[in-house]
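S.K.: One-letter residues, chain by chain:
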Amino acid sequence: MSSMDQTSVAAAPQEEKVASPGGGIAPSERALRIIVPVVMLVALVGLWEWYTTAYNVPHYILPGPDLVAQSMINDWPVLSQALLVTLKITFAALGIALVGGVLIAILFAQSKWIELALSPYMVILQVTPVVAVAPLILIYAPSTQAALLICAWLVAFFPVFSNTAQGLKSTDHNLLNLFELYGASRWQTLIHLKLPAALPFFLAGLRIAGGLALIAAVVAEFAAGSAGAGSGLAFRILESQYRLNIPRLFAALLLLCGTGVAIYGVTSLLSHLLLRRWHESAIRREN
Amino acid sequence: MSTTAPNLVVPHSAASAAHGRPIVRLDHISKTFSNGTIALKDMSLTIGEGEFVSLLGPSGCGKSTALRIIAGLGEATTGRVEWPTMSHDAAGKPEREIGFVFQEPTLMPWATVFKNVWLPLRLHGLSKTAARERVMAALEMVGLEKFADSYPRELSGGMKMRVSIARALVTRPRVLLMDEPFAALDEITRQKLNDDLLRLWEQFGWTIVFVTHSVFESVYLSSRIVIMAARPGRVIDELSVDAPHPRGISFRTSTAYSDYCRQASESLLSAIGANDHL
Ligand SMILES: Nc1ncnc2c1ncn2[C@@H]1O[C@H](COP(=O)(O)OP(=O)(O)OP(=O)(O)O)[C@@H](O)[C@H]1O
Ligand SMILES: [Mg+2]
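Chains as they are written, first to last, in our numbering: chain A, 1 to 287; chain B, 1 to 278.
One chain only, chain B, in its complex shape (with noise of 0.2 Å):
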């Protein structure tokens, strides 16, 4: 798949993207922690399918809490969240097919980073036979198929990190949670990697929920960008981006882009504003 031109699949883009039914629904979420930390208050937001929406918001505002919510990850305080196009389990849960990129690489170092990229197959019941093609296509896409018999410690903290993209991609998930995958890379790995998660969401027409720092990389990938704030934590501000896609560098270098970047920024800095006490 990695030799389709971009261009020539083009199923999302971001206009119709915006219009897709709603895949998620965050409803009134508050969250708060036995220690008595209000990570969450009353945050409401709707995903809806083939979005790419950044969450945007300074360091303890509640990104991670939010995402391992919409993950099933630990119950709400109070609200709810509804799939409502997914099939729901004997058990009544979603049937969800999550793709879920944590903060940190979270890999079983006993494991080499095939076994590691191999495990949501294997806990699905694939041999190893059988997942090895899926495995090692998701290893090429985030270059590290050389290393597929590497224990995680032999690995720097970006190779780590994208053996936890890789395997998250494994599963060719609907849906694909990230909480800040690219925090730890160098710039060049950075920008490659954030061409190619555009590329195959593109491609494949995911749903992508993306934690970020950065204003820069939440602009450029995203189509929607919910800004948050802290103590407690809540949405303040979103900002839809309507730049067409394939983006590349003529969009990074377009007025267009900087504009949105001021946009975003000073959303960002009113969303710090508003805790001035930190």
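Pulled out of the complex, with its shape left as it was, chain A reads as follows (with noise of 0.2 Å):
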């Protein structure tokens, strides 16, 4: 009706401000959002060269951040590829738990028999040590790689699972009467509005999944204690001690922390992106 216009116009100004999200951090906090970390960064790495020098620690005990940089350089060839091994487990397992894991979650979200009748196995599957069952896995699996992906993927699937199963399960029950009211068929209710509405709940268990993944994937790796062209960090670690190659083991442990590192700021950054506009876990409380 035009002649209710007169309100929305006179409000509009005013509102509008609200509509741009994101845009209220000073320049000079965000600046600040990068010198921090980077000076703390600096500060442990200058304290870790002073202890070793200042102490005279022996490099088989605790080299020092130049030669564990040398070591990085030196044997790249070698890291580099056991790195590869790892991402390529890790990942793998990664992506088969999202899409196993979304999947059944969606099956226990359309029937409560099949909720009841598998759950107990998905508890089994979360609290049986990955450490435990790898050496069934390796028994059982065609390959060592294979069983090395079964183990990752068991530990990535539960959070994944769980989370956007509760997810499905938490939509508000007034847009459910909404949907049932318009006549939406299961389907278009799933696609919807369960499905957006445990996107939060999904991209949670997605950070977990992805650092345990990797985490899963190198444990694995230990218990398997495979070697060879197609061994990834764990077992570089795992010779570098036996070596006493200390400075290479840091190396290699470096880099598992980085990526470990990555892989969280990777997922949370799909997260912020995905819920900017809507979630209040992604936007800045403004009153």
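Keep in mind that the hints were calculated from the coordinates and are not lab data. Given the structure is predicted, the values throughout are model-derived calculations rather than measurements. The beta-carbon is built from N, C-alpha and C at its ideal position, and this holds for glycine as well. Errors might be hidden in some of the hints.
Stated by the list, open to error - Here are some, though not all, of the chain B residues that point toward chain A, as calculated from beta-carbon distances under 7 Å:
hint, residue
1, Ala71
2, Leu73
3, Phe100
4, Phe102
5, Pro109
6, Trp110
7, Pro120
8, Leu123
9, Tyr151
What the hints assert, rightly or not - Quick look at which bits of chain A chain B covers, simulated, 3 or more residues with Cβ under 8 Å:
hint, stretch
10, 168-180
11, 191-203
The task is to assemble the complex, starting from two chains supplied on their own in separate frames and drawing on the hints.
M.R.: Next up, the structure:
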């Protein structure tokens, strides 16, 4: 109705400011957000360097950062090869865990009988330590790589599954009523309502699963003790320990940490990008 | 449609509306929740085609519950809801064309205002381009066409409610169920929306069931007021408001209006008095 426009037009100019979110951070704060972590990192490395030189720590106990860097450069062909192997297992496991976790969560949301029948096994999957089942999986799996993949998948699967299942269950009842009222099919309710509502839960699961997949890929490799060209970072760490090549051990460790941080960073960024327009978790409080 | 002068289209005066064929009939409805709360007890109500019925009652008397049962959301514990004039689908469910405005805005936070209003049409298979005109027209009715691309969290409480009203209007339903739709609005916007709602009702001949706390609002809008009491929720009185349409400021300042308001208030007081332990 045209008569109503007056109120909204009068209100629009003030309200329109709200329509561009994320613009509220001052430039100085943005700079600090980068400077503070960098300064912290430099300070830590400096402390490490100072400690090893000041106390004359032997390099087979604690090598200085320079030695580690040197080893990183010299051993890069070996290390990068191992990193690639570990990354492949991690991401393959994560990928399968995402697809499987979401699909099974959807299945659970469709029928409470399926949920009743399967949930004990989901819990068993979760509570059994991967190191304990790794030997069995190594026997059953066709290759060591496949065994590692299965182990990593087992660990990454549960957070994705349980978070998504929780999210699918947490849909606003009023919105469910609304969909029912307009005669939405099960499929439409799933696509247009339950899945978007579960997205924040799924993304929280993804962030946990990303880190866990990496950890599991490494732990499983320790358990498997595989060797040769197809070996990942875990094996290189063990090997360096046997040979007392501590700088290389540190370099491999650093690569692992870096990978973990990167995975966390990427999944957090993804989560932020997907939620920034609407979810409380991704929006600055503004009153 | 917003340009049509209201006095040119008055297919439903209050008098004719009261005599409309029954469109929905509540037959001795009771509702007991699983925690033992008796929300409704033996409620019977017939709503005629083209009527504007207000459910007026104190908080917790089962107005929302009654409205949900009319909409077919949640089964009544005993009793039946009948839609005598509506066709039934293969499963035997009446194919009601209902628009529902919930007490809370009930918007999808991940979708823009446009997509929220598009939803009912989208569920019936209308593409975004096919629905655009109707969605924008509905948004215009509530004065929010400039906010089509905003997200619900960027709107005020009253604006969210208006989006929710636009979503209910977008399907041009035969029956409109509204649960305190204007409670969160300021007096001026509320009055505007009251006027607009009345005009749309006169224009399209909808049947409206309108839940409210406000005596004044119910008298101004309705052709009939159903007064309910709490614990257990039940109908205790009915008041038909026979003032002619279109209603406007002259009705709101008339003695007839204040008489109706006094009658409704007295009924409501006795409704609350019936539960003096509250
Ligand atoms: N899901 C539920 N489970 C249990 N009890 C409920 C539920 N929903 C409502 N009730 C109870 O039913 C009664 C009626 O609730 P209803 O929401 O219909 O009241 P109302 O008249 O709409 O009140 P208000 O004006 O405050 O919105 C209340 O006493 C409430 O406690
Ligand atoms: Mg209510």
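S.K.: Take the hints in turn and mark each one as holding or not.
M.R.: Hint check:
1. Ala71: holds, 6 Å
2. Leu73: With a closest approach of 5 Å, the Leu73/B hint holds.
3. Phe100: At 5 Å from the nearest chain A Cβ, Phe100/B passes the 7 Å test, so the hint holds.
4. Phe102: Where the cut-off is 7 Å and the nearest Cβ of chain A is about 5 Å from Phe102/B, the hint holds.
5. Pro109: holds, 5 Å
6. Trp110: holds, 5 Å
7. Pro120: holds, 5 Å
8. Leu123: holds, 5 Å
9. Tyr151: Given a least distance of 5 Å, the restraint on Tyr151/B holds.
10. 168-180: Per the Cβ count (7), the hint holds.
11. 191-203: Holds: 5 residues of the stretch 191-203 of chain A have a Cβ under 8 Å from chain B.
In this structure, every one of the numbered hints holds.
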